[in-house]
Every structure is written in C-alpha cells, then in structure tokens.
Amino acid sequence: MASTDPPASSTDETVSAAATAPSSLLSSPLGDDPMHDDGHTHYDVSAPVVYFYRCQDAQLGHLSNFYASAIYLDGERWPTTEHYFQAAKFTDVPNYQREIRLASTPGKAARMGRSRAHPLRADWETVKETIMERAVFAKYTQHANLATQLLATGSSLLVEHTFNDVYWADGGGDGRGLNRLGVILMRVHTWLLQQPPPSPRRGKRSHVDC
1 MASTDPPASS TDETVSAAAT APSSLLSSPL GDDPMHDDGH THYDVSAPVV YFYRCQDAQL
61 GHLSNFYASA IYLDGERWPT TEHYFQAAKF TDVPNYQREI RLASTPGKAA RMGRSRAHPL
121 RADWETVKET IMERAVFAKY TQHANLATQL LATGSSLLVE HTFNDVYWAD GGGDGRGLNR
181 LGVILMRVHT WLLQQPPPSP RRGKRSHVDC
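Counting along the sequence shown from 1, when you hit position 172 you're at 172 in UniProt numbering, and nothing is skipped either side.
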C-alpha cells in the first residue's frame, strides 16, 4: 500500500523516498493491473463515459492531477498530485525536485517536469505508472470528500479527454490514446468500493491556482 504519512515537520532539504527509490523498491498500492496485462488498455465499452480534463470543473475537477488537493507521501507535503509526479522524474537532481515541489502552481510543476535541462531518472519508463498510482491513491485515501466524489462516478468509464496526451489521456478520442490516468482512477474507485468506510486524515484544501 502507498505510504500515507502524516504531515511531517520536514525541512525543504528532505527528498521524497519514492522520488529517489530504484524501481525495484517501488510497489503499486493497487497491485497488478488486469486492464493492462497485455500492454493494451481494455474498457467495458457498454459503460457510460465520463470525460474530464479541467481542474476547474465543479463536478469532475477532482479527477485532474492539477486539482488543488495536497497529498502527503514519503514525509513530504505535495500541493497536488502533479507536483509529486513531476518531481519523481529527477532522482539525480534533488535540488530540482525541491523546486518542483515548491512550484506555485501545478502548471508550473508540469512545465518544469517537461524540461530536459536535467536528466530523467534512468528507469522512468518503468516506474512512471507506479508513481502515478501512488499519487492518485494518496489523493483519494487522504481526502474522504474526494473519495466520495470518485465513488459517485459509479460504473462510468473515466476518460481524460485532450489532444495533448496519448498516454495518460485519450489523445482527443480518435482511438490513439491509452487513457492511463483514467484507468488508474477507475482502479482506485474499485479499491475504494472494496474497503470499509475510510477514516483518512482530513486536510484543508490548498490555495493553489490550477
């Protein structure tokens, strides 16, 4: 299970353990993915589809990684799941990881993560899904209100709809996109359904512009 560490009186110099751990030490909080076991994403095509993208959406904004909901992982507070995910790319540059963690908005964190001024961790392609799973899992297990909203999507197929991404999103809906973020959200939804009523730490929503 992903670490849901309590808020720590950590210093800015502390580096996330998951952000620096080798791939052999990282594990998914959700286990194996039966929807992706052959390298392809499989959906129930008969399910109703819920498209999401913008964090400002009153009903579905929480599904976005830009949504302002802080998570605590590995002894650090991350303003959004986007901050955590992007910082995890740069294991060899801890100062840059810190800069990403302290970025004023998730958009800025994303731009910093896309920069290639610093080298990506060598195993990034191997661990990126696990990193994303840890982040999304933390968001919905640390915030009961968000868990309730995710469960309210029912059996819907959750699809991040944008032309900008063919891996995490649907690539605009022409069949090219893998929609991996949507799949992870649905897997967290399934996990939540199997649990007793959660009693996570209740945190205040961050004042971070998305």
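A hint or two may mislead.
Said to hold, decoys possible - Simulated pairs of lysine to any residue, SDA-like, Cα-Cα distance not exceeding 25 angstroms:
id, residue 1, residue 2
1, 128, 51
2, 108, 130
3, 128, 113
4, 128, 28
5, 128, 48
6, 108, 172
7, 128, 72
8, 108, 123
9, 128, 175
10, 108, 152
11, 128, 178
12, 128, 27
13, 128, 117
14, 128, 68
15, 108, 95
16, 108, 119
17, 128, 99
Said to hold, decoys possible - Simulated restraints on C-beta separations:
id, residue 1, residue 2, range
18, 175, 144, 30 to 38 angstroms
19, 95, 32, 32 to 40 angstroms
20, 120, 27, 19 to 27 angstroms
Quick caveat, the hints were computed from the structure, so don't treat them as lab data.
Each residue gets a CB set at the ideal place from its N, CA and C atoms; glycine is no exception.
Against the structure, the hints come out as follows:
{"no.": "1", "hint": "128 <-> 51", "result": "23 angstroms, holds"}
{"no.": "2", "hint": "108 <-> 130", "result": "22 angstroms, holds"}
{"no.": "3", "hint": "128 <-> 113", "result": "13 angstroms, holds"}
{"no.": "4", "hint": "128 <-> 28", "result": "11 angstroms, holds"}
{"no.": "5", "hint": "128 <-> 48", "result": "28 angstroms, violated"}
{"no.": "6", "hint": "108 <-> 172", "result": "23 angstroms, holds"}
{"no.": "7", "hint": "128 <-> 72", "result": "18 angstroms, holds"}
{"no.": "8", "hint": "108 <-> 123", "result": "24 angstroms, holds"}
{"no.": "9", "hint": "128 <-> 175", "result": "22 angstroms, holds"}
{"no.": "10", "hint": "108 <-> 152", "result": "30 angstroms, violated"}
{"no.": "11", "hint": "128 <-> 178", "result": "14 angstroms, holds"}
{"no.": "12", "hint": "128 <-> 27", "result": "11 angstroms, holds"}
{"no.": "13", "hint": "128 <-> 117", "result": "19 angstroms, holds"}
{"no.": "14", "hint": "128 <-> 68", "result": "21 angstroms, holds"}
{"no.": "15", "hint": "108 <-> 95", "result": "16 angstroms, holds"}
{"no.": "16", "hint": "108 <-> 119", "result": "18 angstroms, holds"}
{"no.": "17", "hint": "128 <-> 99", "result": "20 angstroms, holds"}
{"no.": "18", "hint": "175 <-> 144: 30 to 38 angstroms", "result": "36 angstroms, holds"}
{"no.": "19", "hint": "95 <-> 32: 32 to 40 angstroms", "result": "35 angstroms, holds"}
{"no.": "20", "hint": "120 <-> 27: 19 to 27 angstroms", "result": "21 angstroms, holds"}
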